[in-house]
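Enquirer: Protein chains in written order, with the numbering used here: chain A, 1 to 165; chain B, 1 to 163.
Worth double-checking, as some hints may not be accurate.
Unchecked claim - DSS-like, lysine-lysine: derived pairs with alpha carbons at most 27 Å apart: (1) A/K113 - B/K32; (2) B/K43 - A/K80; (3) A/K80 - B/K32; (4) A/K113 - B/K43; (5) B/K43 - A/K120; (6) A/K113 - A/K96; (7) B/K32 - A/K120.
Just so you know, these hints were derived from the structure itself, not from any lab.
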Amino acid sequence: MGWLRNRFEENFAITTIDWALNWARSNSVWPLTFGLACCAIEMMAAGASRFDLDRFGAGAFRATPRQADLMIVAGTVTFKMAARIRRLWEQMPEPKYVLAMGACTVGGGPYFKYGYHVVKGVDLIVPVDVYVPGCPPRPEALLEGLMRLQEKIRAETIAKRAEPA
Amino acid sequence: MLAEGGVELLQGLAIFALAAFLMAFAVLLIGKLIRPRALSPEKTAAYECGEVPIGPGWVQFNLRFYVVALVFLIFDVEIALFYPWAVLYGGGPGTESSPDLYALRRAALFDMLFFFGVIVVGFVYLWRFGYLDWVRVLTTRDESTGEAGPQVADLSGRPVPPQ
Numbered sequence: 001m002g003w004l005r006n007r008f009e010e011n012f013a014i015t016t017i018d019w020a021l022n023w024a025r026s027n028s029v030w031p032l033t034f035g036l037a038c039c040a041i042e043m044m045a046a047g048a049s050r051f052d053l054d055r056f057g058a059g060a061f062r063a064t065p066r067q068a069d070l071m072i073v074a075g076t077v078t079f080k081m082a083a084r085i086r087r088l089w090e091q092m093p094e095p096k097y098v099l100a101m102g103a104c105t106v107g108g109g110p111y112f113k114y115g116y117h118v119v120k121g122v123d124l125i126v127p128v129d130v131y132v133p134g135c136p137p138r139p140e141a142l143l144e145g146l147m148r149l150q151e152k153i154r155a156e157t158i159a160k161r162a163e164p165a
Numbered sequence: 001m002l003a004e005g006g007v008e009l010l011q012g013l014a015i016f017a018l019a020a021f022l023m024a025f026a027v028l029l030i031g032k033l034i035r036p037r038a039l040s041p042e043k044t045a046a047y048e049c050g051e052v053p054i055g056p057g058w059v060q061f062n063l064r065f066y067v068v069a070l071v072f073l074i075f076d077v078e079i080a081l082f083y084p085w086a087v088l089y090g091g092g093p094g095t096e097s098s099p100d101l102y103a104l105r106r107a108a109l110f111d112m113l114f115f116f117g118v119i120v121v122g123f124v125y126l127w128r129f130g131y132l133d134w135v136r137v138l139t140t141r142d143e144s145t146g147e148a149g150p151q152v153a154d155l156s157g158r159p160v161p162p163q
């Protein structure tokens, strides 16, 4: 991680840098162009003019993981796709976030019992930051999930963490 | 000795160069300090839509594409110059005519013919030495007997003088 990280106690300078970094990061969360199933249709709707993901700075869907900050896993994750998802996640630069969208990615969804081909939750493959339930979630739900993610990013700090007592 | 005002000019240039260097350096330094750096073999691998990359990204293309690109460039520039020339000096209905304009058009015509001649020399060269053929003809063949004749070009396409 960066040189400044975990190096200084929490003080005015560090919290100011934190504020600037989090302000920049949370307001330009570029998602990866990555739709797996029907949830991707709702994701596209969220990106289009009616719901306008761009208002939150997250409308620039990147066609390469090199430029992406957020992986919206929108749709059923099959075992065949799982290795690809993991590789794409590995190829994203830090800091990177994952948003699990829809019942299938949260925990297998309708395929939980009889879906021999479906991963029972994308958090078995990549670390998930925000879960958005629904089948599929409405675009408003995705916006809510994005705002939760932004809250999470704004709470980050590069200050040295307190030693566990 | 420097001319009058030369010292001020040099000072200004030095300050300008220093400021430019410092600004670029400061931005790079800030990025170096705060950016996370976590390289892994997966991250440095070529991106092939999540698939395992096949072979390295640094592949040597066939060198003959270079000639193809040059030939394309020649004709591309030719068209780019011919088109405005034809439109501007073409005359056509509705354009006024005067002795001055006539002389200008004649000069433009000869200029363009000269330019075209230069291009044609290159084109004839390409044609003559087989750069337009993907598979090079290396030998001649006697049509009546079917036997291979003397080699006329080596593998790089250069003509071989007759023995």
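Enquirer: It remains to establish, for every hint, whether it holds in the given structure.
Expert: Hints and how they fare:
Our distance criterion of 27 Å between C-alpha atoms is broken by A/K113 and B/K32, whose separation comes to about 48 Å. In summary, the hint linking B/K43 to A/K80 is supported, as the alpha carbons are separated by about 21 Å, within the 27 Å threshold. Among the hinted pairs, A/K80 with B/K32 is inconsistent with the structure: their alpha-carbon atoms are about 38 Å apart, more than 27 Å. Taking the CA atoms of A/K113 and B/K43, the gap is about 35 Å. The hint is violated against a cut of 27 Å.
Restraint check for B/K43 and A/K120: satisfied, since their Cα atoms lie roughly 26 Å apart, inside the 27 Å limit. Using a Cα cut-off of 27 Å, the hinted pair A/K113 and A/K96 is violated, with the two alpha carbons roughly 31 Å apart. Proposed proximity of B/K32 and A/K120 is contradicted: the alpha carbons are some 39 Å apart, above 27 Å.
In terms of the numbered hints stated before, the structure departs from hints 1, 3, 4, 6 and 7, listed from lowest to highest.
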